[in-house]
Each structure stands twice: as structure tokens, then as C-alpha cells.
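On the provided structure of chain A, position chain B as indicated by the hints.
Chains A and B, in that order, are what the protein sequence lines are. The numbering used here applies: residue 1 is where the first sequence begins, and numbers increase by one. The numbering used here applies: residue 149 is where the second sequence begins, and numbers increase by one.
A few chain B residues facing chain A, derived, Cβ under 7 Å: (1) Pro-212; (2) Gly-383; (3) Tyr-405; (4) Gly-410; (5) Leu-411; (6) Asp-416; (7) Ala-423.
Think of the hints as simulated: they come from the structure by calculation, not from any bench. Every residue gets a Cβ at the ideal spot worked out from N, C-alpha and C, and that includes glycine.
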Amino acid sequence: MRSIVIGAVFTGILGIGLALAQSDPIKERQELMKSNGRSVGTVTAMLKGEKPFDAKAAADAMGEINGNIGTFVTLFPEGTETGGNTRAKPEIWKNKKDFEDWGAQLKEDTAKAQAAAAGGMDSVRAALAEVGKTCTGCHDDYRAPEKK
Amino acid sequence: MLRPLLACLITAWLCGGVLQASAQTAPPASPAAKPNIKNGEYIFYAGGCTSCHSAPSSGKCDSPRTKDDLKLVGGRCLKTDFGTFYVSNISPDRETGIGGWSNEDFINAMMKGVSPRGDNYYPAFPYASYQRMTRGDLLDLKAYLDTLPAVASKVPEHDLSFPYNIRSGLSVWKGLYLDGKTFRPDPQKSAKLNRGAYLVEGPGHCGECHTPRDSLGGMDAAKKLGGAPDPEGKGFIPNITPHQTGIGSWSEKDIVYALESGLTPSGDSMGGAMAKVQANMAKLTKEDREAIAAYLKSVPPIASRPKT
Chain A
1 MRSIVIGAVF
11 TGILGIGLAL
21 AQSDPIKERQ
31 ELMKSNGRSV
41 GTVTAMLKGE
51 KPFDAKAAAD
61 AMGEINGNIG
71 TFVTLFPEGT
81 ETGGNTRAKP
91 EIWKNKKDFE
101 DWGAQLKEDT
111 AKAQAAAAGG
121 MDSVRAALAE
131 VGKTCTGCHD
141 DYRAPEKK
Chain B
149 MLRPLLACLI
159 TAWLCGGVLQ
169 ASAQTAPPAS
179 PAAKPNIKNG
189 EYIFYAGGCT
199 SCHSAPSSGK
209 CDSPRTKDDL
219 KLVGGRCLKT
229 DFGTFYVSNI
239 SPDRETGIGG
249 WSNEDFINAM
259 MKGVSPRGDN
269 YYPAFPYASY
279 QRMTRGDLLD
289 LKAYLDTLPA
299 VASKVPEHDL
309 SFPYNIRSGL
319 SVWKGLYLDG
329 KTFRPDPQKS
339 AKLNRGAYLV
349 EGPGHCGECH
359 TPRDSLGGMD
369 AAKKLGGAPD
379 PEGKGFIPNI
389 TPHQTGIGSW
399 SEKDIVYALE
409 SGLTPSGDSM
419 GGAMAKVQAN
429 MAKLTKEDRE
439 AIAAYLKSVP
449 PIASRPKT
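Excised from the complex, chain A in its bound form (with noise of 0.2 Å):
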């Protein structure tokens, strides 16, 4: 009997930890705002001149963190509030409505900046002008500095 409820317990330790390896919120957000990063230097690189400019290329950065702003903002579940070097605010968790605003401008901006890729770089250097705006004004209030 006894070995039987610790094999159930174990069982269900490993079960919790099975889930928890396949749903890391924490992890999915991080590694998505690295790909915006990313993203966002690809056409920084151009508009530095490092390299040339290639209106596809941009349109398609653009496009990446167009498509995945949205999913972004729903890996803020309850319970995730720390861990895993979080820099994610608690005011996320009060200000919901607010933070997901953020999202849906990021979404709008980054739509603008990926129809702006055809007009050449001086119109993708205004368009991503906005984007950072949107970046940085969502940092500020939802992101906290690096840790000490």
C-alpha cells in the first residue's frame, strides 16, 4: 500500500514536471522579445549602413514581431510573476488592459513599418522611429532595469 502511494506521489511529481517543461510562459516571452531584438537589428544594421538595404528583409523583420505581439502578451499567466530572471513588473498584473494596449500599438506600428519597407530607408528609418517609441514606453512602465 504504502509503496503504491509513493509511486502515485512520484508519479505525479514527474507529471507536474513533464508540464511545467512544456509550458514555460517565463522562457516563451524572453526568447520572443530576444526574436524581436533580433529582428529589430536586422533593420538597424541596414539603416546604419553596415548592410544594404533590402526592402524585403526589413518587411519581413517587421512582419516577425507583427505576428507574434499577440501571443507575447497572453504569456503573462498568473504565477509567473517571478522566477526565471524575470524583469516583468507586477503592474503587468494590475494594469492588464493597459499592457495588452501596448501590444495592440506595437502591432499597429510594426504593420506601418512593414508596408514602409517598400518606400526605401528613409521611410523604414520614420517608421521604426515609432516602433521604438512603442518599446521603449512599454519598457518603462511594464519592464524593470537589469538586476544589480
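Chain B only, in chain A's frame:
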């Protein structure tokens, strides 16, 4: 060992008032050339005056956002280990702002950290950097500030702990960290590097945040721009020297673009107080951003805590 030292410092702090009396005399007013208000406006952005002196956008006195960049009503709070500082009203209101100030009052405030009444300002107001500015730039800046809207608004007194609440003690601090030397171009270096150095060390006052402070709260010259704990306790202010723990991997173009756009080479956004600084830097000429970048790449590399 530590305790006698502390007692000694506190004594020096309290006695500072005696030194203060002899320390301040204004230079004779030279016949005034007509100020260049356009240059004053430019210096206003190079100096980022509005980042601290405009009102915070929300009810919170430490909100990172500003309300109206040209209404310099003050009231923003800086919460530090010494206590809470409240930023002053520098709009041209005669009662609560600086509308009644003469040119010499303004020069004394910016270069000597002294009010028209002879009181010491706390160095949360970065006069240790502004003392490097040229008299011409300062007077142009004053002329520009005079054109901005006057707003009557009384700011709370600083709320500081003992002994820092004794203003006369600041004379000691000033003896250590104010040398009154206006920036002098180095003839060995290019005009571009000198311009960058002036903007960074003078009006830009980059070191006020990016240079660590020594035990008496002055900028540690040996670790210039090497990164520092945030005085408001919100993390670590980046090392901006060309060291691998700083921005050694950034090219000059990266720096120029980051100051223009607020986006770092990794595609991240500049955050917190730097977002406001960057918005001001974006208003400078590209040549000046390039000069700043060239200068930052030329300063001695300093090792700081590793990047996370």
C-alpha cells in the same frame, strides 16, 4: 577607524559654512554681447534640462515620463540614499521660478552651485559638469529659458537625512569636486574629439549618472563613464567606455544610431532616464552625435561588473 573618519567628515561638513563665506565672488560682468537664443535652445537640448525640470506626467513624482517639455515647473522627485530631492522650478516665473535672476545669478548657479541668496545647491543639480560649459553657451541658454512659459508652482523642500540636510556642509564637497575650470580644447586632438568631449563632460553631463561616485558622493575621475549603481536604486547604469564590459563592441555608428533612435545594436530599447536623454540627443545635429560617439570611443576603457 571608520568612526573617527566619519566624525571628522561630519565636523568638516558642519563647519563648511565658514569656508563658504569666503568661497564665492562673482567675476565682473563683461559688457553683454547679444545672446544667441537659437544656440540657447540647442544647448537646452544638449543639456537635457527638460528631463528633470519638466513636471512628471502622472501623479507620481518619480514617473519616468514628462508632461510638457517646455514648462519647467519642477516638482519631480529623486529618491536617493541621502533622502528625497525635489527638482526646482526654472521657468521664468518671478516668484517661484528663476524669472528674477540676472545673468550673473544664472552663471553662479550653473558654475558654482550657488543660489542668488548665496545658498549652496545640492549636487543632484549637476553643476560639477556644468562648470565646464562656456560662458557664451550659458548666457545663450539663459536667454532661451527666458522665452519659455512662466509657471507659478512652489516645489517642496528637499527631504534629506542628517547631516546632508545642513546645506553649508556642501562647501566641503565643493572644495573637493569643483575646480571652476571651463572646458579647454586639447590642441593635440581633433576638433571633432574636442567637441564630443565638451558635450559629454559639460552640458551633456553624462558622467553624473554613468560615472561611479566615491565615498563622498563625487564623480570618481579614475572610473570615468565606467558605469554605476543607479542612485535611485533601480539597477545599474551602463558602462559607456570602450571596454568589453561597456560598449566596446559598439561601433561609432552604433552609438550615433542609438542616440538618434533609442535602439541599441541588439535591437533593445534604451530605458528609464536614458529614454528622455536620448530624445534630447536626437534633436542635436548628426555631426554632434558623431562627435559624442568618437569621444566615447576614445576614453580609457574601464572594467565594470560583467554584462548580464
